[in-house]
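Chemist: So the protein sequences, as listed, match chains F and E. Okay, so the first sequence: first residue is 1 according to the numbering used here, each after it adds one. Okay, so the second sequence: first residue is 1001 according to the numbering used here, each after it adds one.
Honestly, the hints are just simulated from the structure, not real lab data. Please note that a few of the clues may not be correct.
Covered stretches of chain E (in silico footprint by chain F; criterion: 3 or more residues with CB under 8 Å from a CB of chain F, positions within the stretch not fixed) [as the list claims (entries may be wrong)]:
#	region
1	1073-1081
2	1111-1121
Residues on chain E that point at chain F, a partial pick, calculated with CB under 7 Å [what the hints assert, rightly or not]:
#	residue
3	LEU1126
4	ARG1128
5	LEU1129
6	GLU1153
7	ASP1154
8	MET1163
9	ALA1242
10	VAL1246
What you are looking at is a predicted structure, and each value in this text was computed from that prediction instead of being measured. We put the beta carbon where it would ideally sit given N, CA and C, even for glycine.
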Amino acid sequence: MSAIAPDLDRVGSSVPATPRPDGVRDAYATELQKLLAQLSTRLLMLVAALGPFAFTAVLRIQSGTPSDALFGVWVHSSGFAVSLVILGFAGSWGFPIIAGVLAGDLFASEDRYGTWKTILTRSCTREDLFAGKLLAAGTLAVGLTLLLAASSLLAGTLFVGAHALVNLSGVLTSPGRMFALTVVSWLICLLPVLAYTSLAILFSVATRNGILGVLGPLLVALLTQLLDLVGKGVIVHFLLIGSAFTSFYGLFTAHPFCGPLLVSSLVSLAWIAVALTASWRILRRRDFLATAAGTTTRKPNWLTPIKVFGVASAVTAVLALACNLGPTGVTAYRVAATIGPEFDNVSLLQQALIGRHAPAGAKLDVQPQCNRRGAKAVGPGDWNCNLYVYLPQPKSVPFQVTSVEYDVSVEYDGCYKVQSPPAFIGGPTMVDARGQSVTNPLYIVYGCFNTL
Amino acid sequence: MLPKGEKRLVHNSLTSEAPHRFYIADMEAVRACGLVKRFDTRAAVDGVDLILATGEVRGLLGPNGAGKTTLLRMLFGLIAPDAGSARLFGRELDGLGSTALDAVGGFVEEPAFYPYLSGRANLALLARLDGATAEPRQIEDALERVDLARRAEDRVSGYSTGMRQRLGIAAALLRSPRLLLLDEPTSGLDPGGTRAVAALVRELAGQGVAVLLSSHQIGELEKVCDSYTVLREGHVVWDGTATELVAQAPASAYSLATSDDERALAIARESPGVRAGRSPRGELALAISDGGLDPFVLALGDARVVIRRLELLVSPLESMFFALTTNGAPLAELEPYELAETVLASV
């Protein structure tokens, strides 16, 4: 017995398990390897690499433009417009899809394959695996975003050219500055991309269902689009992840504003923190049980889709009602104050293109009067603006004092598109002083103002 | 003083009730104390104590729903116990998966892998999770040991159940485990594979690896286990060595064919510990308690009755398992052939 006693003493003492210092690194490496081995990830990479080239090639063989998107009318004039239009589309649908495909099935697939018990019985802790998974998803989400950015810039530059582009104040901006702004815009979108990725992780962990995990971010994006249409208040809009994908437009104005950018970045960080904290709390406390099939998935429950649908409907209804909370950032004063100087700039640009150069400092006096169509006097929607143009320097610029009515479509984020009457300003293209067909800068005008 | 590696039977010191007994060798691989796990109001595991020494192969037995898999899941940290604690090599298992699982290998239920990866890629990935930069030689050795080297580059989605089972064993071996927790390791394997697994378990035990083996195939357990823990409705109903089990088993059942069955039947009726009868097909059936077989065989020889076939139908472990886990009729009251049929039907 004396020989046994020391052993009993030894094993009887509790030796706490200490985390392996490189557990996260190893979990990250394996998760990255798994994600890269999946067909869906490879397809995403292929689309991100080649999609912009296909998009630009299609644009090249047709005369139309995606004019509803900011900068869309310029896709035949500047490669940067191509990249920015792709960024706009990606913000609406592309990034939620990337986040859903990468992260929506990341945790749920372990349930589907029954592999939780395989990986949790190795030397990595739950913390390691959770951190490894979210780092891998984050890495690929960032990587795909940057790949899309690079390929869109390259496609635009190769097919259209790195030409100057009219900014959102109607000023022709040099290629160098436009390149820098475009790159910064893509980088700004990384934060909301990660927010969508975190949301996909939460869906994946909470529902243990790959389909809900993948489609979750897309449904949230759809909900965001719907709320953008119905609400007038700024509060709920800025709390949505999707609003961050338009926040960089303030950088493309003559007097850049960063308020929406800062707010949406903080909101994205908050989404990331909340989604990941909730995911971890669910995973940390989870028991990995077996079903009759030997997997760790929950039994199919017909109540689950009904519950999900019910909760989603309730959330949508509450958000739709709350959408009008807070002040609206779209007012007649702000619309008029932005459109006036922009038309001044765009008109002078048009004259310069056709070879009529105004003296330095020449300035039109554009005095807009803007009113919102419909019952409400403020808020996003359809507006009309009467622009009264005066000539403070007679004979220098061949304008006549006149009044023209323009249709203005204003979004909740303060960005707008002005459709000019063709009878007054001509068609979408015009012939410049060198006899070449160029985009008419007055045909469609894009602009943005600060709604905060 | 006990020689190194020799096991010593001691009484449970973990609970005041001390209903069960364990083996303490030179070091404990598992010390579980009062483990409880409830699902809703039902206790799947209810106050289970278990000690497993290094080099010991312990069979975990019990009918479906007895709590075997739940117990293994708790030891793997896949589910947290509602009460009690478990230590693996002296390290507290916090119920969340941790480095307490270092040097612990095995699987619960059917081993699961990533179907879109090859067998070799799956092993490399798991080796990476263990912190080892998978050396191809190690993976190759593990694959060869389970006879999967030729199919190692195939995707796991194309593997049969038996191949997945073998890959699960390879994944466990890759960790160079000191403790193996195996749940139905031979499920889906052919007889050759089953024998190979049994041989492997004995070989590992000889190297000091502790093995906790859950299986429904009792015959397979008998070949490899040093000791058994029998669960019923979440409780440990028996715990002891293989020798103790044979001594305490109600009876074993045999089928007998001799040169003179009538004479053999008469001798059996006179032999202590032997009950004999004929099956409906007219074959001799014997129910023999521990120690009754050898004198009976000698008596047959003395009477010049030639034994042409003596086949074990129900082993001591099977009859013990039946007695412990069912509420059926006492085995002693059954005709020998009924004993065989009843026990075999239940196990």
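Chemist: Next item in the hint list is ARG1128/E. Is there a CB on chain F closer than 7 Å to its CB?
Modeler: holds (5 Å)
Chemist: When the nearest CB of chain F is found for LEU1126/E, is that gap smaller than 7 Å?
Modeler: The hint holds - LEU1126/E has a Cβ within 7 Å of chain F, the shortest such distance being about 6 Å.
Chemist: Given MET1163/E was flagged as interface, is its beta-carbon under 7 Å from a beta-carbon of chain F?
Modeler: violated (15 Å)
Chemist: Please verify the coverage claim for the region 1111-1121 of chain E: does it have three or more residues whose C-beta sits within 8 Å of some C-beta in chain F?
Modeler: holds (count 8)
Chemist: If you take the shortest Cβ to Cβ gap from GLU1153/E to chain F, is it below 7 Å?
Modeler: violated (14 Å)
Chemist: Holds or violated: ALA1242/E as interface residue toward chain F, Cβ cutoff 7 Å?
Modeler: violated (21 Å)
Chemist: Do the numbers back the hint for LEU1129/E, that is, is its least Cβ distance to chain F under 7 Å?
Modeler: This interface hint holds because 4 Å falls under the 7 Å limit.
Chemist: How about the region 1073-1081 of chain E: do at least three of its residues have a C-beta closer than 8 Å to a C-beta of chain F?
Modeler: Since three or more residues must qualify, the claim that chain F covers the region 1073-1081 of chain E holds, with 6 doing so at under 8 Å.
Chemist: So, as I understand it, the hint says VAL1246/E touches chain F; can you test that by seeing if any CB pair is closer than 7 Å?
Modeler: violated (26 Å)
Chemist: Against chain F, is ASP1154/E within 7 Å by beta-carbon distance?
Modeler: Status violated, d = 15 Å.
Hint violations for this structure: numbers 6, 7, 8, 9, 10, all remaining hints satisfied.
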